[in-house]
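K.L.:
If you're matching them up, the sequences are chains A, B, C and D in order. Position one of the first sequence corresponds to residue 1 (this note's numbering), numbered consecutively onward. Position one of the second sequence corresponds to residue 1 (this note's numbering), numbered consecutively onward. Position one of the third sequence corresponds to residue 1 (this note's numbering), numbered consecutively onward. Position one of the fourth sequence corresponds to residue 1 (this note's numbering), numbered consecutively onward.
These aren't lab readings, by the way, just hints derived from the structure by calculation. Please note: incorrect hints may appear among the correct ones.
One copy or two, it doesn't matter: identical chains are merged, so the pair holds either way.
[What the hints assert, rightly or not] Once the Cα atoms are required to be at most 16 angstroms apart in a straight line, the calculated EDC-like pairs of lysine to aspartate or glutamate come out as:
no. : residue 1 : residue 2
1   : Lys79     : Asp209
2   : Lys110    : Glu28
3   : Lys44     : Asp261
4   : Lys126    : Asp261
5   : Lys189    : Asp261
6   : Lys44     : Asp260
7   : Lys284    : Asp156
8   : Lys284    : Asp59
9   : Lys105    : Asp260
10  : Lys105    : Asp261
11  : Lys204    : Glu102
12  : Lys44     : Glu118
13  : Lys44     : Glu56
Fair warning: this is a prediction, and the values are worked out from it, not measured in the lab.
Number of protein chains: 4
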Amino acid sequence: MIQVGIIGGAGYTAGELIRLLIHHPEAEMNFVYSTSNAGNQLSKVHQDLVGSLDFEFTDTVNPNVDVLFLCLGHGNSVKFLEANTFSEDTKIIDLGNDFRLEADKVFNGKTFVYGLPELQREAIKKANYVANPGCFATAIQLGLLPLAEANLLNNDVHINAVTGATGAGTSLSATTHYTWRDNNFSYYKPFTHQHLGEINQSVKQLQGDFASDILFMPNRGNFSRGIFATIYTDFEGAVEDAKAMYQAFYKDAEFTFVADDFLHLKQVVNTNKCLIHLHKHGGKLLITSIIDNLLKGASGQAVENMNLMFGLEETTGLGLKATYF
Amino acid sequence: MIQVGIIGGAGYTAGELIRLLIHHPEAEMNFVYSTSNAGNQLSKVHQDLVGSLDFEFTDTVNPNVDVLFLCLGHGNSVKFLEANTFSEDTKIIDLGNDFRLEADKVFNGKTFVYGLPELQREAIKKANYVANPGCFATAIQLGLLPLAEANLLNNDVHINAVTGATGAGTSLSATTHYTWRDNNFSYYKPFTHQHLGEINQSVKQLQGDFASDILFMPNRGNFSRGIFATIYTDFEGAVEDAKAMYQAFYKDAEFTFVADDFLHLKQVVNTNKCLIHLHKHGGKLLITSIIDNLLKGASGQAVENMNLMFGLEETTGLGLKATYF
Amino acid sequence: MIQVGIIGGAGYTAGELIRLLIHHPEAEMNFVYSTSNAGNQLSKVHQDLVGSLDFEFTDTVNPNVDVLFLCLGHGNSVKFLEANTFSEDTKIIDLGNDFRLEADKVFNGKTFVYGLPELQREAIKKANYVANPGCFATAIQLGLLPLAEANLLNNDVHINAVTGATGAGTSLSATTHYTWRDNNFSYYKPFTHQHLGEINQSVKQLQGDFASDILFMPNRGNFSRGIFATIYTDFEGAVEDAKAMYQAFYKDAEFTFVADDFLHLKQVVNTNKCLIHLHKHGGKLLITSIIDNLLKGASGQAVENMNLMFGLEETTGLGLKATYF
Amino acid sequence: MIQVGIIGGAGYTAGELIRLLIHHPEAEMNFVYSTSNAGNQLSKVHQDLVGSLDFEFTDTVNPNVDVLFLCLGHGNSVKFLEANTFSEDTKIIDLGNDFRLEADKVFNGKTFVYGLPELQREAIKKANYVANPGCFATAIQLGLLPLAEANLLNNDVHINAVTGATGAGTSLSATTHYTWRDNNFSYYKPFTHQHLGEINQSVKQLQGDFASDILFMPNRGNFSRGIFATIYTDFEGAVEDAKAMYQAFYKDAEFTFVADDFLHLKQVVNTNKCLIHLHKHGGKLLITSIIDNLLKGASGQAVENMNLMFGLEETTGLGLKATYF
């Protein structure tokens, strides 16, 4: 059994990791680190776990675990790894944004591979250190990469995406207060969301001459889970051409599928799937891409990466029952 | 125009008061006191007010206003009145729970009248100081008082009520975090809610020998506004008898009505109404009572009391458009 | 008192009209027509009205009312007016889309004026027949018209808007079923929504040479009320220039205001307001426009038009308490 | 692999069964019967299944499947079994209420065992025909049975429970319309819910002299999944006594657990768990019992019963990731 350590154990992504790992047939939680909760049962924080397991948070790490998941706020992974030492054999998967960009990917001699399996499955299989993609970044890249590979992103790309309140993390804030968010809608960081960096990087990895603008409006929806992204850009071919191209690009993908019909968000909630739909209007191709922000957008993809890094079936432990309702 | 001062201007009940007063034909806001927001436009906090008025929070009070609304956390009205002096002619309406009980009603020579118009309209008309009832307390009393007046509360009273998230106030908390509350349900303080004091007091005011238990379960619903209360107790008569009794009790009520059909909460949201429905099953009378917790349960009733205290029509400024959807 | 007749009395827009008219100081409901509900109390259908009034639906019309509101499904206003005759003095306000376009505006010798007060207040004042704008159309036009007046719409216009479930009307449907819509998100009619006709028409009325594409994505949100629209297009000036232009355009508007801060939908819910925010990013101007789809987007604007047509203050009966929470 | 047939394949409980069975290691869907959808992909109806499987609805049954799940409206299981014949070896699990009561349990020579594993695991293991309990009935029985076994239900039992909109099934209805249900609350069938029959039956099975009233208020919450039930009755012992009794009763239960802290509904959503909490106030024991109405309250328990009937581990295929948010 793969021995797993989790750092930042009280947050949403750690909670989701724990929910996945307790049913994973090849991995086992070795420790869950949370200084503020040390000594408490996991189920005091992740309260759906009542009855599921007897396991306490700890404030000491086991430096010899097989794999370490960093579930920390952005910028804190670097700080944690500076302060703590692990075995040379310990693989690391960072769920934050500390190592996602080329400029950041080498740290203390460790090189982090960007962990989007649909983009670089083989590199991940060989990696010891993986930077797990951001949630918006995952949904948007999966919508754009087939076009990039075909060098067809030659005009402005218009993106509107909505995320659920879990996207804002566990901290209490005005915009995650129930009375504010209930039946409400808003946006933030118009055109300047921090995930644009990794999106541009991956697009350029496939289409070296990409020089267009990505105009991305990130919105806050009044739901808890999921990202619903619509993307459009110029496309000369027929929708069937686009569909064929996307299906070819995702023919080996275990979790990303091209859907025939218009999508709605709950088709992917509580799964590790990404569903993509293609529609043509005039000269524009409309690409819809939906994921669960906490699973394919975070902890599910992290387990997917772990599976690849340890030579397991990519889908191991990720055959999840969709909530749907 | 009645000159109004509001203390605690950044909270929910103050916000609702402001929303009511800007359309009230006989009253005018003189100042809105909030030390933390002094100098800011009201619309920075109560953001629906953008375009409606140009008015700033202040940290100084005008001691000569005609009426003062105290919109403070429980216990803070006493503190505020100890630290600030107002004209002898200034009437005071306290929305907190500092002066609701007989034991608390006299403060510095001022006697607070319990401000439930359906119970003591005449006393309110003559009062200079009014203690505005609690939200759960309003819904439940309006469900019980006709039985109490008829001396028919002679057995255990079973109450289950659900309140929206605004009932918890503006403070950020775990149970008002969107990701927790969305699609969730829970209770708190089972059988021990603080409003039981004023409920028992009013029941005994009408039925002096009342000695039964009131078993009250307060629940948190995943909605923002409103209280839905179901109450049952033994009742020997027919449902028509109960209906006749309730209609007689509320024949002069401006906001409390007996409904023929089963109720649902949104019938009263964003109104000052209380709707009551009566149903008989076996020997039990089932009484359903619904209000908007911020209006009939707080600021709407406070304006109703102001109207009475100043000799206005009770409904002045309270002809509100229901949200309904 | 203006005598009002309402046709299609059981629908959402009729319900909102009734809620407005019962508090309108200068208008009075003369009849509410609904063949399927004739003889029933209004409060059997619009159940928040319990206690508010004693008034029955009818299946006969009074042909001599002062004003008739048609609250029918699209296409049914023509049918109704073909089958029923009213006095020459009866003014008509159609809330459907039968008479909004130039090609449709003359019917049986009656000429319908497009009823967007911010665009043509004076024409409405003189009109006997008004075509009330669509909900999306209202939000979007109010976001675009100042630019059109300045002949500055010279590039593609990108619009993403989200509407609440009341936008789909009272009919039960798969996408308004609670279990589907709750915590969900989706779109419909991408780039082909029927309101594009009236939007283009009004833009061209101000900017005769307008020839750009309006790319409009209409989305379904999991809330009941409101439209949140974001619009962006090329704009060379500074954001302050845009703000000055919008404030000038709306200086006489009673319900449309330019807001300084980012908007969220609940700022306008249950009001007749439109709030607009302007933001500049690179060469793009981002315009946010929000309304309550049932009020400024339907029944509230219909009353606003009635006020103008009858020489009343535009705001009469529309000083509504925002729900906000 | 156990060959499974599902009747009524387009409904909610069938959808949940399919979601469970596609990940069940020992069972395999042989056919999914739905006359109205015959020939369509399952994913056209259960749209989260896009990408998960290639499988069509059928309008013909395979009479030799190992187990048949009846997911039909109440009363239709009898009709279906009268019209269709299956092998003597085909086990049947009925999710409707046709065979739950003693008076109904024998049909065409088949005897249906009431399928609540916590009550009669051994009988289910030997059964060929199982009547799966109702959703409210499951939550309430699991809250009451330990007291019944100890013969301690000797006074009125007061129950208030809230169910999500999926409890009302797939049919479109006024009370499951989004605009009605959103942010709303209501009840139905006060004190007369049809599940009282099976609840009383199970209680009497353990406490033969049970003769008290069960006063059950069923409520509609504005959420999609789950049942939150509070129950109270007289209890002389300490809360620790109650806890010990419940823990003993459920010591072999795989899905029912006694929790130390107050509960909230989302602790069990998308799991097959029942969580129970005990609290003492005065002479009353307050029992809280929560389940997912579609899983432990329907399809999850049906799979649990299948596992028992086929000699599998009770938990097989039911190690579900909670949604939690």
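K.L.:
Up to 16 angstroms between alpha-carbons, please classify Lys44 paired with Asp261: within, between, both or neither.
P.N.:
between (42 angstroms within a copy, 9 angstroms between copies)
K.L.:
At 16 angstroms max between alpha carbons, let me know whether Lys189 reaches Asp261 within a copy, between copies, both or neither.
P.N.:
Classified as between; 13 angstroms across copies, 31 angstroms inside a copy.
K.L.:
Quick one: Lys79 to Asp209, C-alpha cut-off 16 angstroms, is that within a copy, between copies, both, or neither?
P.N.:
For Lys79 and Asp209, neither the intra-copy (35 angstroms) nor the inter-copy (58 angstroms) Cα distance is at most 16 angstroms.
K.L.:
Can you give me the call for Lys105 and Asp261, within, between, both or neither, at a CA distance of at most 16 angstroms?
P.N.:
Result: close neither inside a copy nor across copies, 39 angstroms intra and 37 angstroms inter.
K.L.:
Is it within a copy, between copies, both, or neither that the alpha carbon of Lys44 lies no farther than 16 angstroms from that of Glu118?
P.N.:
So Lys44 and Glu118 fail the 16 angstroms test inside a copy (36 angstroms) and across (26 angstroms) alike.
K.L.:
Could you place Lys105 and Asp260 in one of the four classes (within, between, both, neither) given a Cα distance threshold of 16 angstroms?
P.N.:
neither (38 angstroms within a copy, 40 angstroms between copies)
K.L.:
Within a copy, between copies, both or neither: where do Lys284 and Asp156 come within 16 angstroms Cα-Cα?
P.N.:
The answer is both: 11 angstroms in one copy and 12 angstroms across copies each meet 16 angstroms.
K.L.:
Checking an output row: Lys284 and Asp59, CA cutoff 16 angstroms. Within, between, both or neither?
P.N.:
The answer is neither: 53 angstroms in one copy and 41 angstroms across copies each exceed 16 angstroms.
K.L.:
How would you classify Lys126 and Asp261 at a CA-CA limit of 16 angstroms: within, between, both, or neither?
P.N.:
Result: close neither inside a copy nor across copies, 37 angstroms intra and 45 angstroms inter.
K.L.:
How would you label the pair Lys44, Asp260 (within, between, both, or neither) given a Cα cut-off of 16 angstroms?
P.N.:
between (43 angstroms within a copy, 10 angstroms between copies)
K.L.:
Under a CA distance limit of 16 angstroms, which applies to Lys110 and Glu28: within one copy, between copies, both, or neither?
P.N.:
neither (24 angstroms within a copy, 45 angstroms between copies)
K.L.:
Using 16 angstroms as the alpha-carbon threshold, which applies to Lys44 and Glu56: within, between, both, or neither?
P.N.:
The answer is within: 9 angstroms in one copy meets 16 angstroms, while 43 angstroms across copies does not.
Comparing the model with each numbered hint stated earlier shows that hints 1, 2, 4, 8, 9, 10 and 12 do not hold.
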